[in-house]
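Enquirer: Construct the entire structure; sequences and hints are all you get.
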Amino acid sequence: MRPEVFKMIDRVVSIDPGLETIHCQGLVPHESSIFDGHFPGHPIMPGVLLIEAMAQTTGWLVLARNRFDKMPFLATVKEAKLRTFVLPGQNLDLYSHIQHEGSGFVVAHTKALLDGKPICNAELVFRVLPWPEGKMKDVVLKVAGHVEFPVADFTDA
Amino acid sequence: MSSTFETVANIIAETCDIPRDTITQESHAIDDLGIDSLDFLDIAFAIDKAFGIKLPLEQWTQEVNDGKATTEQYFVLKNLCARIDELVAAKTA
Numbered sequence: 001m002r003p004e005v006f007k008m009i010d011r012v013v014s015i016d017p018g019l020e021t022i023h024c025q026g027l028v029p030h031e032s033s034i035f036d037g038h039f040p041g042h043p044i045m046p047g048v049l050l051i052e053a054m055a056q057t058t059g060w061l062v063l064a065r066n067r068f069d070k071m072p073f074l075a076t077v078k079e080a081k082l083r084t085f086v087l088p089g090q091n092l093d094l095y096s097h098i099q100h101e102g103s104g105f106v107v108a109h110t111k112a113l114l115d116g117k118p119i120c121n122a123e124l125v126f127r128v129l130p131w132p133e134g135k136m137k138d139v140v141l142k143v144a145g146h147v148e149f150p151v152a153d154f155t156d157a
Numbered sequence: 001m002s003s004t005f006e007t008v009a010n011i012i013a014e015t016c017d018i019p020r021d022t023i024t025q026e027s028h029a030i031d032d033l034g035i036d037s038l039d040f041l042d043i044a045f046a047i048d049k050a051f052g053i054k055l056p057l058e059q060w061t062q063e064v065n066d067g068k069a070t071t072e073q074y075f076v077l078k079n080l081c082a083r084i085d086e087l088v089a090a091k092t093a
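Which chain is which? The protein sequence lines are P and R, in order. Note that UniProt numbering gives residue 76 to position 76 of the first sequence, counting from 1, and the numbers run on in steps of one. Note that UniProt numbering gives residue 47 to position 47 of the second sequence, counting from 1, and the numbers run on in steps of one.
None of these hints come from the bench; they were simulated from the model. Be aware that one or more of the hints could be misleading.
Straight-line C-alpha distance at most 25 angstroms; calculated DSS-like pairs for lysine-lysine [as the list claims (entries may be wrong)]: (1) 78(R) to 91(R); (2) 78(R) to 49(R); (3) 49(R) to 70(P); (4) 111(P) to 49(R); (5) 7(P) to 111(P); (6) 78(P) to 68(R); (7) 68(R) to 70(P); (8) 137(P) to 70(P); (9) 117(P) to 81(P); (10) 49(R) to 78(P); (11) 70(P) to 117(P); (12) 70(P) to 78(R); (13) 49(R) to 91(R).
Expert: The following block contains the structure:
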């Protein structure tokens, strides 16, 4: 995980065959410029970045479902609960489950666990839109390889 | 069993905190009720769940953007409810 550049996921561990649930992992680094300000002498992962980690987890699942045809963009965060502090060196297990896929949007239940214990959860809504012009899709596909996303299984190229 | 309109009006009232008695069959969800696209996602989610359908929002938006349809055709509530009834009928046919 490199939270200072919003790389919140280290690896995609599994996607269930029905494409309903994904499991990812992210190791909170011991060193990051994020901790310079949050907080000086008392490093804690910002809650907004935990939500971002859950959103990115969901994003990979949405991309698997639509085979990279469209890009999910976080639109709503509901019922977010940040249950405990997350500290440098802790390894997060991130899960997302699709609750509903509508026309142009997805609703998901997401959670993060630490040693099996829930540390945060939220309901997230994404708009699922055509890729913007430019290199975004190529960049996302490149990142997919870095996080061990099974690209070949979920792309037609 | 409540009518399609009653169900939709109740969803809108609860989702967007709009007084139920201000929502009529002639209300335009966007122009009259002030519902924006983000709130409409919540409404669409609730409608999809309530009726077991999938509102084709992308198709409707494309038709409006292409000038092939007006927002009134899809977002005046009596018209929206007619579309929902069509989708429910198609599902059960």
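Enquirer: Are the hints correct? Go through all of them and say.
Expert: Hints, verified against the model:
no., hint, result
1, 78(R) to 91(R), "holds, 20 angstroms"
2, 78(R) to 49(R), "holds, 19 angstroms"
3, 49(R) to 70(P), "holds, 23 angstroms"
4, 111(P) to 49(R), "holds, 22 angstroms"
5, 7(P) to 111(P), "holds, 17 angstroms"
6, 78(P) to 68(R), "violated, 35 angstroms"
7, 68(R) to 70(P), "holds, 24 angstroms"
8, 137(P) to 70(P), "holds, 9 angstroms"
9, 117(P) to 81(P), "holds, 14 angstroms"
10, 49(R) to 78(P), "holds, 18 angstroms"
11, 70(P) to 117(P), "violated, 33 angstroms"
12, 70(P) to 78(R), "violated, 32 angstroms"
13, 49(R) to 91(R), "holds, 14 angstroms"
In terms of the numbered hints stated before, the structure departs from hints 6, 11, 12, listed from lowest to highest.
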